[in-house]
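Note that the protein sequences, when read in sequence, are chains A and B.
At position 634 of the first sequence the residue is numbered 634 (full-length UniProt numbering), and the sequence of numbers has no breaks.
At position 400 of the second sequence the residue is numbered 400 (full-length UniProt numbering), and the sequence of numbers has no breaks.
Among the hints, erroneous ones may be present.
[To be verified] Only some residues are given here: those of chain B computed to face chain A with a beta carbon under 8 Å:
hint	residue
1	N162
2	D465
3	K646
[To be verified] In silico DSS-like links for lysine-lysine, alpha-carbon gap of 30 Å or less:
hint	chain 1	residue 1	chain 2	residue 2
4	B	K479	B	K437
5	A	K752	B	K370
6	B	K113	A	K661
7	B	K169	B	K113
8	B	K580	A	K367
9	B	K370	B	K405
10	B	K495	A	K761
11	A	K290	A	K230
[As the list claims (entries may be wrong)] Chain A side only, calculated, beta carbon under 8 Å to chain B, not exhaustive:
hint	residue
12	E92
13	F105
14	P233
15	R235
16	E238
17	Q400
18	S742
19	K752
FYI, nobody ran anything at the bench for these hints, they're computed from the structure.
Just so it is clear, CB atoms sit at the ideal spot from N, CA and C, and this is done for glycine as well.
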Amino acid sequence: MQTRKKYIFLTFLASWLLLFFFFGDQLHRFAFFSVRKAEARRNWPHWTDRSLLKSFADPKELQSDGDPSLPSPRARRAARLSVYKNSRCRMETCFDFSRCEKHGFKVFTYPRERDQPLSESYDKILTSIERSRYYTPNPEEACLFILSIDTLDRDHLSGQYVRNVDEKIRSFPLWNGGRNHLIFNLYSGTWPNYTEDLGFDIGQAILAKASFYTESFRPGFDISIPLFSKDHPQRGGERGWLYQDSIHPKKKYLLVFKGKRYLTGIGSGTRNALHHIHNGKDIISLTTCKHGKDWEKHKDTRCDKDNVDYEKFDYQELLHNSTFCIVPRGRRLGSFRFLEALQAACIPVLLSDGWELPFAEAIDWGKAAVVGNERLLLQIPSAVRCIHPERVLAFRQQTQFLWDAYFSSVDKIVHTTLEIIKDRLLPHRSRSRFLWNTLPGGLLALPDFSTHPGDFPFYYLQHGSSPSEKFTAFIRAVSPTGSLSQPILRLIQAVSGSQYCAQILVLWSCEKPPPPSGKWPQTAVPLTIIQGGRKVRGAGLSDRFFPYAAIRTDAVLSLDEHTSLSTSEVDFAFVVWRSFPERIVGFPTRSHFWDTEQRRWGYTSKWTNELSIVLTAAAFYHRYYHSLFTEYLPAGLRELVDGLAACEDILMNVLVAAVTKLPPIKVTQRKQHKETVPQQVGCKAGDVGTPPAGERSPSPPRSPPAKVKGTAGAAGSRCFSQRQDCLNQLVDWFGYMPLVPSQLRLDPVLFKDQVSVLRKKYPRLEKP
Amino acid sequence: IMCASAKYNTRGPALIPRMKTKHRIYYITLFSIVLLGLIATGMFQFWPHSIESSSDWTVEKRSVHDVPVVKLPADSPIPERGDLSCRMHTCFDVYRCGFNPKNKIKVYIYSLKKYVDEYGTSVSNTISREYNELLTAISDSEFYTDDVNRACLFVPSVDVLNQNTLRIKETAQALAQLSRWDRGTNHLLFNMLPGGPPDYNTALDVPRDRALLAGGGFSTWTYRQGYDVSIPVYSPLSGEVDLPERGPGPRRYFILSSQMALHPEYRSELEALQAENGESVLILDKCTNLSDGVPAVRKRCHKNQVFDYPQVLQESTFCVVLRGARLGQAVLSDVLQAGCVPVIIADSYILPFSEVLDWKRASVVIPEEKMPEMYSILQSVPQRQIEEMQRQARWFWEAYFRSMKAIALATLQIINDRIYPYAAISYEEWNDPPAVKWSSVSNPLFLPLIPPQSQGFTAIVLTYDRVESLFRVITEVSKVPSLSKLLVVWNNQNKNPPEDSLWPKIRVPLKVVRTAENKLSNRFFPYDEIETEAVLAIDDDIIMLTSDELQFGYEVWREFPDRLVGYPGRLHLWDHEMNKWKYESEWTNEVSMVLTGAAFYHKYFNYLYTYKMPGDIKNWVDAHMNCEDIAMNFLVANVTGKSVIKVTPRKKFKCPECTAIDGLSLDQTHMVERSECINKFASVFGTMPLKVVEHRADPVLYKDDFPEKLKSFPNIGSL
């Protein structure tokens, strides 16, 4: 017994000793396991002498980084010009900025030659430029030149391929090695390699090309444009398909693709793998082998089954019912699919490695698309599943904004291209990425007006600021008498009585000089007379929307001399405007409707249950709209408006609606006594204030404006049909009807409530 | 080892029989001692705080001079020169990075070695202070891994920050012999001072094959967009000098140039500017007659005036950053630190982190040719914008320039964003200073959409047991043309809802949802049954709203889909006596809230209320059985930055009988409680998000002298 005990003891002891001595090392490691884990987080050692380490550069060397032996900056710049040419072009080496200094950014298009056929798309591009505000017919003034040779399709197998471009170009005296030229291209190279080759030497010309490959893209010089079809509308353009925002988009599918599967050749790597992610439930990836003439030759075992599945789904239906859409490369990097997905608010999942994304210089695609990696296709499903629903919502809205701002028409694509180039000319007067990527987008935010977001009516919330607390009253006087009428005196008194009025400007557009300063009423705020000198064409009506430097407040109260307003009305309207600084906020309103009989837009001043136009005879809006009106709209359109009497305020409404996509706002107007207005002012007079009693027959309740009977005939006045013409011409110019109807009016909170007038802030608005 | 143990075991048994009793105690004692020793060792090693003390003892107490020396044979391979066509999809092995739930790349750092050539002469400084800081920062970061097999990115410990301190060929050889070099794939080199005399290349001259370069002086010709990362040239002064942030605003000088050793041509152009514009332009140069001991790098002179550098930078609105021999200049960092707006004059320079930073918000870039026009160009910048640029400049320095750590982490984050683009950091996160992030509002429903009328709305009635009143509400609401579905949230767990046959027969689907708990927040749950965007929340006692009023409310909501559109309005006021917020339900000229007893809003806000309500507000509301509507008003105003829209004139809302029973005192405690809610919520939100407005929405022809039968919504405001 004893011995056994001893045995056990000793064995025990011996084993412990053994463990201790021989596995000591392992034990040690085991014991340090947790320590080593901590070490792993801190692998780079804390050197004992780290404080003694020398700096990477001597402070003197860092601060005086000059080398007297270097050539002078001027010489260096000159030397650079000869080195960085052609494929290494940059704006500073291949673009002649001096051409743009004198006349600004003007674009010249080569005259079109009769024997030279143009593709539909290229014709649209040229038309866009010719209609734009940058167009000049004079090559002397031009900063940028556009060829009249169709360079869109440079696939020499294509029917639209133009031959001998090199020879033709060399015969142009203006070509100058391609300097300051902009070349548009949609298709380059051909089967089987689809290289970036255009088949002619573009020299120093800027290339605006679809399917741009990053390696051949000259950053800051070339522009990547989206591939668009020949049916892409010239202007206007369809709106996006997103009509509602919902947090969990009740979409049938998560991710879809329907397209060709390339069995061989360039791009087949990705297209041949897409079917792997198909799960038949929420991920639909359909491919067909049927393309080209000899597809059966390369056919594999999948083809037959795939082709059957392929026919089961409709592409449009998939687009409409999916949250994400795969946009893989085809033979070339870009595809129509990209714009289609964007319009459909189907978040593009790009699988096109090396594609310089369209307008990436301006557009932040990370907010609207998932830039996938062709090599990681199989991770795409889990990656998109992990995207948070809130981000999905933001992504989808951003696709719609981008589609509408930059892609929905050829006009927009061309203008975006031009604006990006224009931004490079004066870097300090260019749009920040914020302006490009925030509503309403870069085309509508003019850097010539300001580069500061707080100066625009659109960014107050994102910027965390608010519009200025005062307004400028801007009265246009046209009465030919040369003296001050009673209404204008009363108007000045009423407006200057507002606590928010900073100054009054009178635009004196009469033949006779304005009365001397002594004749003007004494006001608490400064009163300035501006001589309307721009009455070259007709009445020069649009000069009321000229961005006068004297307007220094954000808000402008636009008035006609015959307008009758009270101080209360002005005060209340201004307070409302501060809540809606991007809209027109005003008193008398008009509305538009679709006239089914005449198949055109109708315009009515009758009392209706809707409104879509606020007359600028009495309205608040942001001063930025003066700049937009004068600078953004092409001269041709302004001429059109000046040619038609009484159209400029409709244009202003159309413009603001096109920018904001929102209706104007009507505020409470006190009952008006009918004014006796001089008839010679024509259209304008009858148009302001309450409409004549005879016209008060509104649309039947709750019927859409489309059902309203035509009114032009009934009104009978020439002016009326003029305004209707104007509206229709503007719709034609914009390519769509931007006006948005509204059914509401904003009144003071206690307006006409059964409560003592003493408690009301705006009692005077209720006086009969 | 296995054999050794066997030997002991065989010897053991032979010893034991000979053991005497007196030895037993000896053995037992020995055994106990050993056992105790073992336990003690174990305890010591597993004891948590012993980790720290032991870690120093393992690898930390080492000097840079003790690192292993590697001799590079003269004929050891040299990598190819950098490939200008490299892009992420061609030269980067993305398979190494894999899919990981955190969307973080793994970065491995090679251990430090000292490289010498055949003759034992060292190739470069082993490591500079800055590179050590940079590697320390990486190894402390979330990106770090010590497992070379799991790494996605490799950072050599070979210090190439300054090309002038190294031997090009030998450094290249050192790189090529790294264990995972593989033509430099997925290797990241940091360089701040590239090139050397006479031609000063704008990228590191060390051949590096496919390695990515985080470089400090790229020009547009050497920068591989989307592959390389442009980084700042670190200014060691940043660490030495503490320049407190100066509030934005006008400064003593308009333009200041502080660089030394400028090319004479630049200097003469600057002097011409000064001659033209006088005092507001200050051109500094190095001091010629400084007394001994004063560091020349900390002083600048203009004629005989001596200025402290970098403090003087804070005295100017704009500070010129001209290119020198290199494009990247350390002075940019000093200028940003001083909150001075940099005027960058360096054609073709790729600004630091330009892939993500919007430099137009913090700087003015002027082409070299336009230098003579600098003054007028800068004068055209609006004052408000200058102030923002000053703030922005300082923010860029604080976030991305101030230390090697900031530079390293920003670089890794940029690469990380390329590899996991769907998890990338947004423009706003990169660019907005904290103050802007705080004050700005990004509306989640930012697209201006007017939803189609045809969609209609879903009415949600929260009810407990007032069946009779509920049925009346259902009947009334069902008359509204645009109603598409009615949802009754039955909040009473003790009582079953009435039988199907008893419910009013209405023309739209009616669904009853039973809740698990009687909570107010059940009203705002994003039920799957809600298929429309528009939701009408309505109490089971709101029977006084006419069909016209409700339909008009829906039309108004369509024009303002991102707002709360409701009927009874309320106001919050600042009580100056009590120094806190007060709830107001009297007839006021202003509104800042609408009651959700009858309000239209977007279904999205149900989602926000249920899942994104800040702090403990949701529980607070459920516990107090009150203020869910105030919470909703706060939430919507905070996220959209917009006011509510009150529609139609005021009506008496509760039934007259009820108020008579409740009495005045109940009304008062109610008010006190509601005021408490406002104060509580304002403190949770950290701000008062509610917006006060003076308007309400009425139909266009409301109260106009016009035949009622021709109005769309004639029955508005009737009692």
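Could you check the structure against the hints above and give me the numbers of any it violates, in ascending order? Hints 2, 4, 5, 6, 8, 9, 10, 13, 14, 15 and 16 not satisfied by this model.
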